[in-house]
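Asks: Protein chains in written order, with the working numbering: chain P, 1 to 410; chain V, 1001 to 1410.
Just so you know, these hints were derived from the structure itself, not from any lab. It is possible that part of the hints are untrue.
[As the list claims (entries may be wrong)] Residues on chain V that point at chain P, a partial pick, calculated with CB under 7 Å: (1) 1064; (2) 1068; (3) 1095; (4) 1098; (5) 1159; (6) 1160; (7) 1194; (8) 1234; (9) 1238; (10) 1243; (11) 1247; (12) 1249; (13) 1358; (14) 1365; (15) 1401; (16) 1407.
Ideal placement from N, C-alpha and C gives every residue a C-beta, glycine not left out.
Each chain is listed here by its residues.
Protein chains: 2
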Amino acid sequence: METIGLNAKKAATESAQLSASKKNDVLKDIASALLHHQEDILKANKKDLETAQSQELDDAMIDRLKLNPNRIKDIADGLVKLSIMDDPLQEILETYHPENGLIIEKVSVPLGVIGIIYESRPNVTVDAFGLCFKAGNTVILKGGKEAIHSNLAFEAIIQKTLSQNKLNPFIIQCIQSTDRQATQAMMKMDQYIDVLIPRGSQGLIKAVLKHSTIPVIETGAGNCHIYVDKDADLTMALAIIENAKCQRLGVCNAMESLVVHEAIAKTFLPMLAEQLHDVEFFADTKAQAIVPSFTQATPLDFYTEYLSKAMSVKTVSSLQQAVDHINEHNTKHSDAIITNNQETSDMFTRLIDSSTVYVNASTRFTDGSEFGFGAEIGISTQKLHARGPMGLKQLTSYKYIVKGKGQTRV
Amino acid sequence: METIGLNAKKAATESAQLSASKKNDVLKDIASALLHHQEDILKANKKDLETAQSQELDDAMIDRLKLNPNRIKDIADGLVKLSIMDDPLQEILETYHPENGLIIEKVSVPLGVIGIIYESRPNVTVDAFGLCFKAGNTVILKGGKEAIHSNLAFEAIIQKTLSQNKLNPFIIQCIQSTDRQATQAMMKMDQYIDVLIPRGSQGLIKAVLKHSTIPVIETGAGNCHIYVDKDADLTMALAIIENAKCQRLGVCNAMESLVVHEAIAKTFLPMLAEQLHDVEFFADTKAQAIVPSFTQATPLDFYTEYLSKAMSVKTVSSLQQAVDHINEHNTKHSDAIITNNQETSDMFTRLIDSSTVYVNASTRFTDGSEFGFGAEIGISTQKLHARGPMGLKQLTSYKYIVKGKGQTRV
């Protein structure tokens, strides 16, 4: 592990200095190489799939693990898309002219070495490398053990292409060891790794937060709320809720909890129960009195990220009550209000503490490409450094360049 | 400790919503109250000083601890200065118009609850509160045990003034317990504290980084270098080095290490030895051959933050060698080049990995007020979130406010 750290640190000084055009050429080269060596990738992936099947992993997991020519093409296309995006480095973010006559420029620079700990999605290996590399960083990747052969196949092709382009191959390094001790050791490598990004389940993220001595960016968990205000357009509310809950179930920006104003609950909840007849509702007493088929909610339901055809329902008698309920139960990811009242929506967006607060739109838009940031490395649910979708800009830091004419301090 | 956390969290939702004018009025009120209750503060401070003297603490520590009417006036003036600065909140930092027709605004918001662990400088209690409050945050403060009475006197006056202004007094909370267990417990309060900022010695900062489960902003340590290039104006170099080393010894932006190009070392080092005759130089063999009175450096010297009239001296034969030496030994704080060669200075500012890189100026300028940021909470030496002087803006986060017309995701 020590060697991996040293290699990454050294590669980082090189990757930080690459020109935008060089990085873009290399990204396109890697995309071609992935397509060209597709058979090697599929062969490695087959090994992972066979192990997974012999261990009787569930279908969803096997689906996430599985690669095919279409998926490899999507992964390669992702790199080509990155290659045409603006370079996030060497940008003068601000200029200051203090009274001492110095000229101070705040300039974007890479973060350095980024560690990513993730579960068994082999596409993350390439996607994460691409984003980090374009932002001038190097990566140390620790993927789930189920995807080890696929990940190493990707790493081999990327490293070879980097070498062919006379770049340091250690700009990407996958940790080969599949045991937990390797993950534990990685989380203590604060000498070498500048930031650690865990991607995956709540359990994984909490474990990394607890054990890491490296700064961590918390991503992912989304107990997203939609508040239907008394001044809502109910047809719009229905369409947005259906989209936010049902369009894709297993994602962090899906809606998990409905908060509804009492003044419209009697009209709205029966409409909702009919429209979303295959969804299970865990509701408070007042909502259940309106729609008896709703299941009685326990306090835990309001903290639950279902990631399935289920949601909690809470009735409130005021905006303030809605805000208090949401701020207590949300995961600071994405929450929405449906209302035609400007004053109410202004209050809501000011008071709700979330990375993204919506007015009259689905929470499903919290996503790097929907925001126009291009690809993303994750959705940050913390307040330090980056919040919400993390694209290229969020994978950079800055430094101050100060130009003087011999100034000394008095 | 649990109660302190809960109180802070609750106060944070209130402090986040205060108008700029309200906060500014309260800051001025607190400044008046500090002057008005000066006798209470001095009485408390006397207790701390008596304990310190009975424990035979060193003079520098007692000086840091000591308050007098002038120092209290400076502290109060600091709050008044803050009150006339621009408010850092509710600023629209960026606006995006993606193809889906949503309007996305990135708006500055407070970080929330900020924990500060510091040593025995009672002024930090008020300064840190002021900055955090102006940026909409609440603070939990854990100062050194030597200053406990002074800190509690400040806390009492601030809490009383907050209450008189109908604000939640728990916007500031000082931890009363002076034992280490309280500090340990505070570092694990990730449920309540959004970010932890240690201020003080390297030992303190390292301990916090190791034990905290809360995101930490690393501040302080400065092994600052000045590289005198072969194309330097040597008179300017002398003046800058004298300022950076001697103007104030115990500060993190003081210079600790000289790197000098061989081509001018023979001329420059004797000039330097004469001008800074009361400084001790720990030099490599080549430098020592030029000035025999220099002491032979050990490898450790090049990592040393002397904070006294001492510095290390390293000779190099190229810019690249200078860059490699500095990047290996610096603490990512502040480093400078003295040169009249534009190409050389451009390379240096690009390649040096530090929060602040200077051309022809003293490293002593790395400071919030010298940068024009107003007061500062510290100098960040990490890359995540904030780098360099941390003023009001660096004590904020942001959220995205997204306005739609019923958009759903396809």
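Asks: Does each hint hold? Answer for all of them.
Replies: Hints, verified against the model:
no. : hint : in the structure
1   : 1064 : violated (21 Å)
2   : 1068 : violated (24 Å)
3   : 1095 : violated (11 Å)
4   : 1098 : holds (4 Å)
5   : 1159 : violated (24 Å)
6   : 1160 : violated (28 Å)
7   : 1194 : holds (6 Å)
8   : 1234 : violated (12 Å)
9   : 1238 : violated (10 Å)
10  : 1243 : holds (3 Å)
11  : 1247 : holds (6 Å)
12  : 1249 : violated (13 Å)
13  : 1358 : holds (5 Å)
14  : 1365 : holds (6 Å)
15  : 1401 : holds (5 Å)
16  : 1407 : holds (5 Å)
Going down the numbered hints, you'll see the structure goes against 1, 2, 3, 5, 6, 8, 9, 12, while the others check out.
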